[in-house]
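Heads up: the protein sequence lines correspond to chains W and U, in order. At position 30 of the first sequence (counting the first as 1) the number is 30 in the working numbering, and the numbers step up by one without a gap. At position 68 of the second sequence (counting the first as 1) the number is 68 in the working numbering, and the numbers step up by one without a gap.
The set of hints was computed from the structure by calculation and includes no laboratory data. None of these values were measured; they are calculated from a predicted model. It is possible that some hints are incorrect.
Stated by the list, open to error - Simulated DEER-style distance windows between Cβ atoms:
1. U:N18 / W:P112: 37 to 47 Å
2. U:N84 / W:T10: 36 to 46 Å
3. U:N84 / W:E39: 17 to 27 Å
4. W:T69 / U:N18: 34 to 44 Å
5. U:N18 / W:D17: 45 to 55 Å
6. W:Q14 / U:D54: 41 to 51 Å
7. U:I51 / W:E39: 27 to 37 Å
8. W:A78 / U:T20: 35 to 45 Å
9. U:I51 / W:Q45: 22 to 32 Å
10. W:K111 / U:R44: 24 to 34 Å
11. W:N53 / U:Q41: 29 to 39 Å
12. U:G40 / W:H72: 18 to 28 Å
Claimed, not checked - Taking lysine-lysine pairs in the DSS-like style, the calculated list, with each CA pair at most 30 Å apart, reads:
13. U:K57 / U:K70
14. U:K9 / W:K68
15. W:K42 / U:K83
16. U:K83 / W:K68
17. W:K71 / U:K57
18. U:K9 / U:K71
To be verified - To list a few chain U residues with every Cβ distance to chain W over 12 Å, as calculated:
19. P75
20. K83
21. S94
22. R114
We treat Cβ as the ideally placed atom computed from N, Cα and C, and that holds for glycine.
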Amino acid sequence: GESVGLHLPTLSVQEGDNSIINCAYSNSASDYFIWYKQESGKGPQFIIDIRSNMDKRQGQRVTVLLNKTVKHLSLQIAATQPGDSAVYFCAENYNAGNMLTFGGGTRLMVKP
Amino acid sequence: DGGITQSPKYLFRKEGQNVTLSCEQNLNHDAMYWYRQDPGQGLRLIYYSQIVNDFQKGDIAEGYSVSREKKESFPLTVTSAQKNPTAFYLCASSLTILAGGRGQNEQFFGPGTRLTVL
């Protein structure tokens, strides 16, 4: 089965609020994680990544938090905008190659 | 303008026919990947190639075939043996492993091809 456990729930937020999308992973050897955003009918786009030697990484309006103790990854989006509406996937890498294992995704809906 | 392209965007196939999906990249990436995505689902790996003239099966390779004759190109053939081929197909590429260390892990995705079997 998949080592990244992210079912496809829907998160509905009000425009301007902060969003938090969660991801649980099961492979303690994973050392690299990526968040992707996928808009309807398009390919996934890279948002932010983090290596296992870090707990937090910030980008523009996005922050990824990594808790290795409980094998949990989260994506925080500040001041959520309608353009943030999409499906968000986390992915992990736990081998020496570039293989990624993807979770099932979370749909984010932003209400105006 | 560097990137990864897929064609066609929409493809219709009759049952029993083979069909080939195109994937081209000019990012000078060594590794390329094919994923299948069903509605409301995540990505499942079909095939991947770390280098020209070499490719490996992913998790759901049955009914699919690939070739990697050129670094830039990684076409996917959906054969008649694939029992449920209607899906969204995504191609991706990445830098490969650097000698003695880790390579860049980020995969860059194409826009996808939606295949419908009639």
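Check the hint pairing K57 (chain U) with K70 (chain U) against an upper bound of 30 Å on the C-alpha distance.
holds, 18 Å
Tell me if the straight-line CA distance from K9 (chain U) to K71 (chain U) falls inside 30 Å.
holds, 22 Å
The output says S94 (chain U) does not contact chain W. Does that hold with a beta carbon cutoff of 12 Å?
violated, 5 Å
Verdict for N18 (chain U), P112 (chain W) (Cβ pair) under range 37 to 47 Å
holds, 46 Å
Would the non-interface assignment of P75 (chain U) survive a Cβ cutoff of 12 Å against chain W?
holds, 17 Å
Do K111 (chain W) and R44 (chain U) keep their Cβ atoms within the hinted range of 24 to 34 Å?
Since the Cβ atoms of K111 (chain W) and R44 (chain U) sit about 31 Å apart, the hinted range of 24 to 34 Å holds.
Looking only at beta-carbon atoms, does the pair N84 (chain U), E39 (chain W) fall within the given range of 17 to 27 Å?
holds, 25 Å
Beyond 12 Å on every Cβ pair: is that true for R114 (chain U) relative to chain W?
It is violated; R114 (chain U) is separated from chain W by about 7 Å at its closest Cβ, not greater than 12 Å.
Falls inside 29 to 39 Å, the C-beta gap from N53 (chain W) to Q41 (chain U)?
holds, 32 Å
Does K57 (chain U) lie within 30 Å of K71 (chain W) when you go C-alpha to C-alpha?
Since the Cα atoms of K71 (chain W) and K57 (chain U) sit roughly 28 Å apart, the hinted pair holds (cutoff 30 Å).
Mind checking the alpha carbons of K9 (chain U) and K68 (chain W) for me, to see if they're no more than 30 Å apart?
violated, 39 Å
Just to be sure I understand the hint, the distance between the Cβ atoms of I51 (chain U) and E39 (chain W) should be within 27 to 37 Å; is that true here?
holds, 32 Å
Taken one by one, the earlier hints fail for this structure at numbers 2, 4, 14, 16, 21, 22, listed in ascending order.
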